[in-house]
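Student: Same order as they appear, the protein sequences are chains A and B.
Each residue of the first sequence is one higher than the last, beginning at 1 in the working numbering.
Each residue of the second sequence is one higher than the last, beginning at 1 in the working numbering.
In short, the hints are calculated from the structure, not lab data.
Any given hint might turn out to be false.
Unchecked claim - DSBU-like mimics (lysine-lysine), calculated; alpha carbons at most 30 Å apart, straight line:
| hint | chain 1 | residue 1 | chain 2 | residue 2 |
| --- | --- | --- | --- | --- |
| 1 | B | K288 | B | K299 |
| 2 | B | K299 | B | K233 |
| 3 | B | K497 | B | K288 |
| 4 | B | K498 | A | K33 |
| 5 | A | K33 | B | K497 |
| 6 | B | K299 | B | K240 |
| 7 | B | K249 | B | K108 |
| 8 | A | K30 | B | K173 |
| 9 | B | K107 | B | K233 |
| 10 | B | K230 | B | K173 |
| 11 | B | K58 | B | K356 |
| 12 | B | K299 | B | K108 |
| 13 | B | K240 | B | K107 |
| 14 | B | K249 | B | K107 |
| 15 | B | K173 | A | K33 |
| 16 | B | K230 | B | K255 |
| 17 | B | K240 | B | K230 |
| 18 | B | K288 | B | K108 |
| 19 | B | K146 | B | K107 |
| 20 | B | K433 | B | K230 |
| 21 | A | K30 | B | K230 |
| 22 | A | K30 | B | K498 |
| 23 | A | K33 | B | K433 |
| 24 | B | K255 | B | K240 |
| 25 | B | K107 | B | K292 |
| 26 | B | K288 | A | K30 |
| 27 | B | K497 | A | K30 |
To be verified - What follows is a list of derived Cβ distance ranges for each label pair:
| hint | chain 1 | residue 1 | chain 2 | residue 2 | range |
| --- | --- | --- | --- | --- | --- |
| 28 | A | T91 | B | T199 | 44 to 50 Å |
| 29 | B | E142 | A | L58 | 50 to 56 Å |
| 30 | B | A285 | A | G98 | 43 to 49 Å |
| 31 | B | V391 | A | L58 | 22 to 28 Å |
| 32 | A | G46 | B | G13 | 52 to 58 Å |
| 33 | B | L172 | A | L58 | 31 to 37 Å |
| 34 | B | K233 | A | G118 | 34 to 40 Å |
| 35 | A | G118 | B | V391 | 26 to 32 Å |
Glycine is no exception: its CB is placed at the ideal position from the N, C-alpha and C atoms.
The chain contents come next:
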Amino acid sequence: MGKVSRPGPGFLPFGLALILSALSIALIAKSWKREEQSVPFWPERGWVRPLLGVGIFLLYAVLLPLLGFILTTFFFLICWMWVIERIRWATILPISIGVTAVLYLIFSYFLEVPLPAGFLS
Amino acid sequence: MGEIWGMFQGLAGGFDIAFTLTNLTFALIGAVLGTMVGILPGLGPSATISLLLPLSFKIGSPVTSIIMMAGIFYGAMYGGSTTSILVNIPGEAASVVTCIDGYQMAKKGRAGPALGMAAIGSFIAGTIGVLGLTFVAPPLAEFALKFGPPEYFSLTLFGLLMATLLGEGSILKGLIMVVMGLLLGSVGLDPISGAIRFTWGIHMLQEGIDFVTLAMGMFGVGEIFYNLEKVLKTELVTRKITHLWPTLKDWADSKWAVIRGSFIGFFIGILPGGGAVISSLVSYAVEKRVSKTPEEFGKGAIQGVAGPESANNAAASASFIPLLTLGIPGNAAIAMIFAALLIQGVQPGPFLITEKPEIFWGVVASMYIGNVMLLILNLPMVGLWVQLLRVPYSILAPIVVLFCCVGVYSIRNTVFDIYVMGIFGVIGYLLRKVNLEPGPMILAFVLGPILERAIRQALLISAGSPLIFFTRPISGALMGMLILFIALQIFFSIRNKKGNQ
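Here chain A stands alone, though its shape is the one from the complex:
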């Protein structure tokens, strides 16, 4: 941490930690004093859609190296729009194909990013 005249690497983090503790105590004290009606963290079943989103996101990261960019991206779009948004298939399919193609074109062709090919390679 060092001395005030020779502040070391721990000087600022220590000071920040002190400030953060003080602020947190102030916030707790403030919410303690003001007795508000507690609001549910999620409105009724409000957690379902975000959780589905996080799940599909995770699935994308897991499958990307295995199935490769094209297949995973295509399934991601279908999954997201069908599971979360319940859009008609007639809309989902052309959009999924189109977006996958455009993204592939931008990243692989124009920006020359070596996208994972998965088992297709």
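Keeping the supplied structure of chain A fixed, place chain B upon it in accordance with the hints.
Tutor: For chain B alone, coordinates are given in the frame of chain A:
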């Protein structure tokens, strides 16, 4: 006189750079993308610039990528009003107040003049802002050459505290986010001694938390998760938009609002910690106060559209001043551009104008051109953009998430970064849920290393005496202003409390 001549020469050189085909193309891409994300609710300029940060590795020169990102930032200020007026949802944060009178005008069948006045006001204010940038930045940069560590410490502190004082929501929560951002910024190697901090033996953390991953997670992915909770519906109040050119009466009503808005925006934008959002709120309040018919506000007063929409554009241009002359970004969106410059190996600061004049003048000149492009995009072509509002968020959201994933993957070609971004995304979502805005945090994360280096060097100089921040004239003046602002804030909050009882 020599100095002014130098500015004209610099600007002429800048136009040479901005008028090359590549830079014109990227200025146009920036303007189009900016208008687009300005119009689309649930996707702001900060998120979009963060989305494009990985691409700035791939776009050749620093000038070109900054020209594009600047275009997105001020372009979003143009687009935002469209959604506010037609749908009563702000397209981005700086157009929140435009909803009040803009939507009322649209309901009365005056959507055309509202959109027209917003675009023209934006153009006038944007141009005034860039003119200010042209003539204020060079002398300010020269002045900033005198700044030592104590001045930089006071300045960064000033910016961080102002960002929370002027920001939305609870000041206490804003301060917590600032401290969290500073702590996150201290992960990795200590900038002075090289000691390793907060890595818990994880090798990947030694270089610190990657800004791009953090920003894309907090802003891009986090915002999408958050918006998934509610269903965003965009219903247009009217489909046909006619009479875009305001009537003579509209002009007479709004000309002073535009000019006042431009100056309010410019001065708030130049302030570290200020920015487009605050300036639009201030402008609306001022317009309501000076109006002879304040009762018209909220029922479709055109000044309520013209003022704030001008202010946010002037502020957008002006907020480049602290970035390009002091190396200190004033708000989250500018922090993204700061990061983009660092990625390109350019250190913004007082030396930028003299050492890399092509970047400074190239970007400034492109902003004159960009404003003309945006006027054309937003005035005669506004009908086309309105069609964009028919693209539902349910289709847009997965595309944004994909863009983030592939973008973050492309930096180091590793899936690991996608997981890290996902974690930040979930954190960003939960923080938003408890009303902890990620903006101040991102700003603090970027300013952290500057602040730390400054405070430690200053204390070395003064042998540990914190008085150094108050006795040096420039630093002392900044600290004095800061203390004054805090005192005023406390005074007003006590008075408001008493008023409520």
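Student: Would you mind marking each hint as holding or not holding in the structure?
Tutor: Status of the hints after comparison with the structure:
1. B:K288 - B:K299: Holds. B:K288 to B:K299 sits at ~12 Å (cutoff 30 Å).
2. B:K299 - B:K233: Cα-Cα ~23 Å, so holds.
3. B:K497 - B:K288: Judged against 30 Å, a Cα distance of about 24 Å means the pair holds.
4. B:K498 - A:K33: Holds - the C-alpha atoms of A:K33 and B:K498 are around 17 Å apart, at most 30 Å.
5. A:K33 - B:K497: It holds: about 15 Å lies between the C-alpha atoms, which stays within 30 Å.
6. B:K299 - B:K240: Roughly 21 Å between the alpha carbons, so the hint for B:K299 and B:K240 holds.
7. B:K249 - B:K108: 16 Å, holds
8. A:K30 - B:K173: 11 Å, holds
9. B:K107 - B:K233: 18 Å, holds
10. B:K230 - B:K173: Within the cut-off at roughly 24 Å; holds.
11. B:K58 - B:K356: Answer holds: B:K58 to B:K356 is near 20 Å, not above 30 Å.
12. B:K299 - B:K108: Cα-Cα ~9 Å, so holds.
13. B:K240 - B:K107: Satisfied, since the Cα-Cα distance of roughly 12 Å is no more than 30 Å.
14. B:K249 - B:K107: 19 Å, holds
15. B:K173 - A:K33: 16 Å, holds
16. B:K230 - B:K255: 39 Å, violated
17. B:K240 - B:K230: With a Cα-Cα distance of about 28 Å, the restraint between B:K240 and B:K230 holds, given a limit of 30 Å.
18. B:K288 - B:K108: 20 Å, holds
19. B:K146 - B:K107: Outside the cut-off at roughly 55 Å; violated.
20. B:K433 - B:K230: Distance of about 12 Å is within 30 Å: holds.
21. A:K30 - B:K230: 29 Å, holds
22. A:K30 - B:K498: 17 Å, holds
23. A:K33 - B:K433: Since the Cα atoms of A:K33 and B:K433 sit roughly 21 Å apart, the hinted pair holds (cutoff 30 Å).
24. B:K255 - B:K240: 26 Å, holds
25. B:K107 - B:K292: 23 Å, holds
26. B:K288 - A:K30: 33 Å, violated
27. B:K497 - A:K30: Roughly 14 Å between the alpha carbons, so the hint for B:K497 and A:K30 holds.
28. A:T91 - B:T199: 44 to 50 Å: Since the Cβ atoms of A:T91 and B:T199 sit about 47 Å apart, the hinted range of 44 to 50 Å holds.
29. B:E142 - A:L58: 50 to 56 Å: With Cβ atoms ~52 Å apart, the hint holds.
30. B:A285 - A:G98: 43 to 49 Å: Given about 46 Å between the Cβ atoms, the range holds.
31. B:V391 - A:L58: 22 to 28 Å: Since B:V391 and A:L58 have Cβ atoms about 26 Å apart, the given range 22 to 28 Å holds.
32. A:G46 - B:G13: 52 to 58 Å: Because 55 Å falls inside the window, the suggested range holds.
33. B:L172 - A:L58: 31 to 37 Å: 34 Å, holds
34. B:K233 - A:G118: 34 to 40 Å: 37 Å, holds
35. A:G118 - B:V391: 26 to 32 Å: 30 Å, holds
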